[in-house]
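First to last, the sequence lines map onto chains D and A. FYI, in our numbering the residues of the first sequence are 1 to 133. FYI, in our numbering the residues of the second sequence are 1 to 793.
Please keep in mind that the hints were generated in silico from the structure rather than gathered at the bench. Nothing here was measured: the structure is a model prediction, and the numbers come from that model. Built from N, CA and C at the ideal position, the CB exists for glycine as well.
If you anchor each label on the Cβ, the simulated ranges turn out as follows:
#, chain 1, residue 1, chain 2, residue 2, range
1, D, Gly105, A, Ser130, 28 to 36 Å
2, D, Arg122, A, Glu780, 58 to 66 Å
3, A, Leu782, D, Arg122, 52 to 60 Å
4, A, Ser130, D, Pro78, 37 to 45 Å
So the chains spell out like this:
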Amino acid sequence: MARQAIQSADSCHEQYKGEFTMKKIEAIIKPFKLDELKETLQSLGITGMTVTEVRGFGRQKGHKEIYRGAEYQVDFIPKVKVEIVVKAELVDSVIQTIITCTKTGKIGDGKIFVMPIENVIRIRTGEQGEEAI
Amino acid sequence: MMSRKTQDTAADGLGLARELSLRADRIIHKLYSASHFQTSDLWCITALGGYGRQELCPHSDLDILFLIEKKLPNKEIEEGLRELLYPLWDKGFNASYSVRTVKETIVDAGKDFFLRTSLMDARHICGSASVRESFSKTLARDKTFNNAKRFIADLVAHTAKRHKKYGDTAYFLEPNIKDGHGGLRDYQSIMWVLKMFGVENNQIRSPLSSDDRDELVDAAGFMVKTRFLLHTRSGRKTDQMHMEFQEQLSTDMGYEPGPTDTAVEMFLKDFHTKALTIRSSIDSLLQYFSQPRSFRFFSFRKDKEFDLSSGLIDFTFPEHLHKDPLLIMKAFERMAKRGGTLSPMARSRIKELLKAGTDLNTDRLAYRIMLKILQSRNAQKALTDMVDTGVMEHLIPEFASVRAKTIFDVYHTFTVDIHSIHTVSELYRLHQEEDEAFRLCRDRDVLFFSAFLHDIGKGYGRPHAEKGAEIIRSIAERYGFDEEQLSKIVFLVRNHLVMADTKATGPGAWNEWKASLLRELYLRTSNIIEKGILRDRKNSTPLEEKWGELVKRSGTPDGAHLSGRLWALPQTYVLASDPNDIMRHLATSISLKGPDDIRMEVMHRRNHTILSIITRDRPGLFSLLTGVLALSRIDIISAQIFTWYDSTVVDTFRVLPPWQDYQEWDKLEELFKDCLSGKIDFETKLTSAQKLKNDEDKSMRGTGRPVLLIDNETSDFFTIIEVRAHKRTGLIHDISRSISSSGLEIHRAFLSRNSDLLSSVFYVVDSVGEKILDAHRQQEILTLVGTSIDSRA
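My request is simple: use the sequences and hints to build the entire structure.
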């Protein structure tokens, strides 16, 4: 599964590799996995991230694996969104890390989105580009 | 009438859906055998809802109930679910599930109506036979679950709610196959009702004939196939036939263009016909079964013709109906006058008789009754039922060509038959609300007859007004109208002001100008042409009254200075305006200082504002005014513009300000002044403002063709340019600007809007005041205006 994820992420990157040197990675994960993920990413040298509490659902309509339940309703489940901007060459390893850290094999593990970044600016100093990451 | 073609389609549809369902079954069987479920005899896997009915479309939900006899440890449940559900999800099925004991299922069904109905279609897939037995037995015994009375009450409530939600006209243009009127939910509801009341297992006799049943199954099969193809085409779970899919769907369904219809129109014709079949059945059955049991079997409210005991209209002696078929028309007359619905049995009987070739129209009496029905309070329901049962086509064979006919352009919302019926009921409403106009019309038979059949030519291709006039003459002769009436009818249909039936084409607010336009129509019926030459003095009462009022007021000391100006007022302006407003406008007009002076009156109504702008005429004025409004982001709902004979222009706009509590009306007046005087170059401003708005508007635009016509017949003195298109910011300005830049002068304009469709009519002349009769010039104008609709340069 992970291999597939990385492979398809790769093919997406191919398109942009020449144009964008920075990428944003957005991961929607289960809340209890946040701490573990943060520490592992830090050990990779990722020094900044933004975290938001969000709610969402996917194909399984937000049903946890509980007994009974109202199958004709779609529910929001609390999740955490982690956003990081990295240099393009780091994307693969970051994705791998996120998957390893957060995967439980159960429904609701979440998704990772990769987007190109046009520019990054540090407000205090005015630095731009990769230096500002 | 089921053609071979539609029977095939129905079979196709149900066949495809069953195939998919069997595939899902096979997968589940396999997964079950490989799972640890097998070892225990504790689980039973049951399909519910659509999957239970074996009616699966590619992106339908797969409703699965995991039944157990008694509660199991969560861990065990989770493991089992993962073995079965994850592969299903991964294969792309939208599986939704629940795990319940048999007891819990029944209890939950008592509280959740949707669960309850989905259980009615429960189908065992695999698993423990004993759990299955237990489930069937418990379900059969449970009093709450089998309480038919409560069921029908709940069903009626839910159906009403659903119909309200999906009854908007937007859903007529883009029907929702599942939840819309006459869609699959309605069909399912019919099946549930029949099951619940014991019709399925022959406990009671069916109120539907076997022909009725066949027709319904055929209609349902058609819907299933359409839905199946829609899911396939759209690649997702969408049950609404968005415009963008309609053409492709019609091809997929095997439709080809006909002599007068496109493939899409033919597809939609079948669609709407079948939807009406389903809809009529459900309405009738719900009412029928809602009546207390005793009412259905013991008659105590009947006369020799009709039996109303069940609350529905039934024939007292249905077996004798073929001897006195006029009773059928009388039943509809009763419906039209006093309300009510036909019982399912009555409907069946009527259809049977028609099929057997009985003539309903003995001694033209049916025609007499028809005219009465048209002018009754509840005409709409009666006429709709007449169409659905086939009685309408029997009486008026020409009606077949407009049955369920969709006109595929951006403006028409309803099918032609429904539109015609609405026109009649609108006319009735007008009678109730604006009696004055009606007093003018001496021959209501003529009026209602013409209104109902004014679009009869639409089934025969364009131009339909001329063709319609021909057809209606022969129909009217059959109805026994005399020569004078015949010529009136033909005149009305040939010249029916398209704007006059605008409300019935798609609902929306009934605007002042439409009412005034309709008054003009009545006046013309009585031979008054619009520039005011009164041929028939007897019919000029409202106009005369208004003039009288004006003269009186200008006879007073206060109004004396205005009396010299009365000659400047056009007849249509006087007719359309309140005398108070007229006096005020006159006073304002006199006080204008020079050609750049402009006055604006603001009047607030509950949900919109009325702006009256008075100024001197100049080329391109209307375009300038609408441009300023666009710039200020003020939304024009409707407009009436009049040019007086002394070149005073009185433009009345009904508008919506860009936000609530908008207080910048003074600034607006200033802006008008500055733009008129040239102090502000508003063209530049407008172009830059428009750039921002363009993208937003683009996403909201529909895919229908705009309508653009030049009409030299309706008015003796003006060429009429008619434009109907999707609204966007600045559209009116662009259209009017292109008209002005063609060298034309706009003397009168009427605008109105239904949701986002703008409809506009411009009365124009060229620079020397003549109509534009040269075909080449007309084409140039059409091209220029057409371009202006599409883009902002």
